[in-house]
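J.: Sequence:
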Amino acid sequence: WLDFPSVLGVVKHILHPNIHYFAHDVVSQRTSRSLTKKPINKEIAKVEANLFCKLKKIVAMSHKDKLLLEQMNYKGVIEVADLGVQKVGEVLNGIPIEEVVNKFKDRKNLIFFGYMKRAENHWSIIWFIFFVFLKIRKQNPHIHLWILGLAPRPLLKLIGKCISNVHVAGAVSDPTLAFQKADLSVAPLLYGAGVKIKVLQMLEAGATVVATEVGAEGIESHKKLHIVNKTQFGKKILELLD
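This note's numbering applies: residue 1 is where the sequence shown begins, and numbers increase by one.
These are computed hints drawn from the structure, not numbers from a lab. Take the hints with a grain of salt, since some may be wrong.
Said to hold, decoys possible - Cross-link-like lysine to aspartate or glutamate pairs, in silico, EDC-like; alpha carbons within 20 Å at most:
hint: 1; residue 1: Lys235; residue 2: Asp174
hint: 2; residue 1: Lys224; residue 2: Glu239
hint: 3; residue 1: Lys223; residue 2: Glu204
hint: 4; residue 1: Lys108; residue 2: Glu213
hint: 5; residue 1: Lys135; residue 2: Asp183
hint: 6; residue 1: Lys105; residue 2: Glu43
hint: 7; residue 1: Lys223; residue 2: Asp242
hint: 8; residue 1: Lys230; residue 2: Glu204
hint: 9; residue 1: Lys117; residue 2: Asp106
hint: 10; residue 1: Lys105; residue 2: Asp183
hint: 11; residue 1: Lys105; residue 2: Glu220
hint: 12; residue 1: Lys54; residue 2: Glu43
hint: 13; residue 1: Lys57; residue 2: Asp82
hint: 14; residue 1: Lys236; residue 2: Glu213
hint: 15; residue 1: Lys236; residue 2: Asp174
hint: 16; residue 1: Lys54; residue 2: Glu79
hint: 17; residue 1: Lys181; residue 2: Glu213
hint: 18; residue 1: Lys138; residue 2: Glu43
hint: 19; residue 1: Lys64; residue 2: Glu79
hint: 20; residue 1: Lys56; residue 2: Glu70
hint: 21; residue 1: Lys66; residue 2: Glu220
Start from the sequences and build out the full structure, keeping to the hints where you can.
T.: Now the structure itself:
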């Protein structure tokens with residue numbers, strides 16, 4: 001049994017005929033959205049497809065990923081995982097989430113959550129701050145953005161210190177209470193691939209979520225999930241807060 005794309009390369013060294021793989025995402029789709037990796041994406045897709053041929057079964061995280069695997073000519077068994085209730089992001093030595101939530105009073109609060117060392121999370125939230133948040137804050141000075149998650153980079157920490165109403169909290173004990181108490185959760189992902197577990201967790205907590213197509217990729221339609229083009233992101237937030 002193999003988990004995560006980072007270990008997929010070992011299949012060529014395994015002689016066992018019954019290898020199962022949990023595909024958190026399709027790597028070649030992710031690299032096709034990267035400016036630096038897109039030029040070599042055909043080669044990446046070819047390598048990935050060849051490795052898939054050595055697998056007896058792949059468990060995908062969405063029907064969208066299942067279709068991608070079939071398009072890559074994978075002939076083995078493909079199963080779509082029942083993701084169930086998600087509890088990611090709990091950190092034993094993180095900031096107690098109550099300390100964050102207690103600061104929500106008399107504010108309009110937006111939550112972004114993710115592993116902040118990942119490039120797609122880091123650069124997407126920086127884009128959101130400068131191209132969406134600053135604009136909507138002008139129209140509603142009571143809007144605050146809370147960025148939760150492990151390992152925020154120094155640049156993001158600096159932005160949090162320099163721009164009012166932006167709070168880089170870092171690791172928290174459990175983000176669920178923040179999802180429940182905030183006005184909105186946001187997933188303004190610009191690139192990356194695969195189902196975003198954080199978005200599922202937000203929805204399961206009862207949060208209203210505004211997401212780009214990438215942020216909502218592979219997630220079934222939900223009455224509290226609003227999928228918008230990045231140019232309409234701020235407008236949708238203001239509309240939902242009104």
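J.: Measure nothing beyond the straight line between the CA atoms of Lys64 and Glu79; if it is 20 Å or shorter, mark the hint as holding.
T.: Given pair Lys64, Glu79 holds - Cα atoms ~12 Å apart, limit 20 Å.
J.: Decide if the proposed pair is consistent with the structure: Lys66 and Glu220, CA atoms, cutoff 20 Å inclusive.
T.: holds (14 Å)
J.: Run the distance test for Lys54 versus Glu43: straight-line Cα separation, threshold 20 Å.
T.: holds (18 Å)
J.: For the pair supplied as a hint, Lys224 and Glu239, is the alpha-carbon distance within the 20 Å limit?
T.: holds (14 Å)
J.: Is it true that the CA of Lys181 sits at most 20 Å from the CA of Glu213?
T.: violated (25 Å)
J.: Lys236 and Asp174 were given as a pair; does the straight-line alpha-carbon distance stay at or below 20 Å?
T.: The given pair, whose Cα atoms are some 27 Å apart, is violated under the 20 Å limit.
J.: CA of Lys135 to CA of Asp183, is that 20 Å or under?
T.: Distance ~18 Å between Lys135 and Asp183 Cα, so the pair holds.
J.: Sort out whether Asp183 lies within 20 Å of Lys105, counting only the CA atoms.
T.: holds (11 Å)
J.: Within a Cα-Cα threshold of 20 Å, do Lys235 and Asp174 meet the stated pairing?
T.: Since the Cα atoms of Lys235 and Asp174 sit roughly 29 Å apart, the hinted pair is violated (cutoff 20 Å).
J.: Quick one, are Lys105 and Glu220 close enough, alpha carbons at most 20 Å?
T.: violated (32 Å)
J.: Please work out if Lys105 and Glu43 have their alpha carbons no farther apart than 20 Å.
T.: Violated. Lys105 to Glu43 sits at ~52 Å, over the 20 Å cutoff.
J.: Can the restraint linking Lys236 and Glu213 be considered satisfied, given a maximum Cα separation of 20 Å?
T.: holds (14 Å)
When the structure is compared with the earlier hints, violations turn up for hints 1, 4, 6, 8, 9, 11, 15, 17 and 18 and for no others.
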